[in-house]
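Add chain B to chain A, keeping to what the hints say.
Each protein sequence line maps, in turn, to chains A and B. Oh and the first sequence: position 258 is 258 in my numbering, straight run, nothing missing. Start counting at 1 in the second sequence, then tack on 339, and there's your number in my numbering.
It is worth saying that the hints were derived from the structure and are not from the lab. Even for Gly, the Cβ is constructed at its ideal location relative to N, Cα and C. It is possible that some hints are incorrect.
[To be verified] Covered stretches of chain A (chain B as the covering partner; in silico rule of three or more C-beta atoms under 8 Å from a C-beta of chain B):
| # | segment |
| --- | --- |
| 1 | 163-175 |
| 2 | 196-208 |
| 3 | 289-303 |
2 protein chains.
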Amino acid sequence: MPDLYNIAVVGATGAVGGVMLKLLEERRFPVASIRPLASARSAGQSVPFAGEEIEVLELTHDSFADIDIALFSAGGARSKEFAPAAVEAGAVVIDNSSAFRMEPNVPLVVPEVNPGDIKWHEGIIANPNCSTIQMVVALKPIYDAVGIDRIIVTTFQSVSGTGKSAMEELFSQSEAVLESGEIECNVYPHQIAFNVLPQIEHFHDDGYTNEEVKMINETRKIFGDPQLRVTATCARVPVFTGHSESVNIRTTRPVSVEEVRRLMLSATGVTLVDDPDNLIYPMPIAAAGCDDVMVGRIRADESGENSLNLWVVSDNLRKGAATNAVQIAELLVGTGVLE
Amino acid sequence: MPDLYNIAVVGATGAVGGVMLKLLEERRFPVASIRPLASARSAGQSVPFAGEEIEVLELTHDSFADIDIALFSAGGARSKEFAPAAVEAGAVVIDNSSAFRMEPNVPLVVPEVNPGDIKWHEGIIANPNCSTIQMVVALKPIYDAVGIDRIIVTTFQSVSGTGKSAMEELFSQSEAVLESGEIECNVYPHQIAFNVLPQIEHFHDDGYTNEEVKMINETRKIFGDPQLRVTATCARVPVFTGHSESVNIRTTRPVSVEEVRRLMLSATGVTLVDDPDNLIYPMPIAAAGCDDVMVGRIRADESGENSLNLWVVSDNLRKGAATNAVQIAELLVGTGVLE
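Bound-form chain A, shown alone:
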């Protein structure tokens, strides 16, 4: 095992790719070399890393010679096409797309929840959906201490989860509304500025969106609990960065709000932000730029047995995507799984 690693970042010019590069530097990942990769359109641009500007190369099947770890965040289609080539070349792929998440031979890993699952990877490790990651990090301490039987979640998701073009669309549509100008919709089917869209990704036949189906299935896979009862309603809100979630859970035995607060205080990757007297609670603008998942508004739900309400907020580009991927890379090198 080398002491330093050659890292490829696929989608290096995208919203998540940019944060991945920043985090590799911030968290002092043992980098021997960085190879930023992107589509032909973006090749030739440069991206900053450790005080240097590094040229972005075109992503091809031959991009992965000598790469130890390839961080993919360029959409499912590119992952499907190029991840096998990276594995073939000897790299371990950490894939932020949904392409491989539910494959039985691909671990779906949140380091605070199921770190051990990286051991059985066969070349690809999947990074879960942003809204799933922050929820399972918040629920893990409760799941372990008292058990969770059912989850009913409603999300308030920011546009950066869709990418840079969606952030630009929210910006330009907001300007148009404030100046009584004309609204153009290119990224989303309807206006997102000053609106709420109860649709994230395409619809399935049962009326659920793909994002909702992902939250249900991925939560079960990460907890290794195929019977876990989960339902989700996912909505897009006019926020640039930071997903918020209203989470209602039923635990398998009674647990007090005070006990849940204590669990959160000692949990890894969680910050308790729950001081109503001082009007302090998790909010997307406060979570942006933070790696931890913020949990607050913890309340007993008297309408159901052993039920609780929580409010969970996280930076979807960080813990919901780039931070989790880099943490998986850290696990790989720290636990000797990378050979």
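Frame of chain A; chain B shown alone:
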């Protein structure tokens, strides 16, 4: 009983008061005279009604001589101070504040749900909270046909529920964010532009906000079902007008999504907006200006017995406030309850 009525609108220069005046005209309420009332600060302004500009008078204890119906929407403190004077003067008060809603001798009325309750008024009829109204209108057909046992609701509430000053704050903060200017918070404790605030009104000792407590208690009172299990999480989103709600319910017997769709199609005050194939679902910008409650995204929730998810959107200034109040006035004159 006269054929035409003298109507006072208290809070006539506010966001809801303005819509009340518009609706009295739009719905051809049998108006003999309109008396717009407001604080001394706003007295002397004029408000439009039926093609005329009517002078706003200062609200005093002597404002209600000859008034048949007084529509109050000027906050709880003014209702508490002036509603008794209006009743004393012989008017029936329809109060949009929370001041009297839970008083046992004050009916809390949504005309589609519990119209009969107006009969036992003693001078004051309360108009429920905006987020409660739209939820009970959407749930009433299911409640009647199959029974509802539990409600878990998460709201996405627009700023117009707070009033005109909050709409101005969202506008000016949004401009400041887009132009990298300085954010000023006067109405809300934190920035609302491009953010989500999981707080509406003050906190109670159990961690619930007053808005959440209102949704729980008012829903039970309107349905006349003190045992109904309800929990709520209420959040403010950067939307000018239109509240959205993610509603999870458990019914007392199984009901199919198709049956719920049919119930919505034949329900009064509800428009079914549920065509995922064509990306059609309720959204606040589409509901603004409509009197009906929009219901969509109706899905079976397989995580619980007899459970369903719905997405409910309504114009909080209309059905959530002014429309419901004017409908109560229509009930009063139409059913001969007004003497």
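Cross-check of the supplied hints:
1. 163-175: Result for this restraint: holds, n = 4.
2. 196-208: holds (count 8)
3. 289-303: holds (count 8)
Violated hints are absent here; each numbered hint is respected by the structure.
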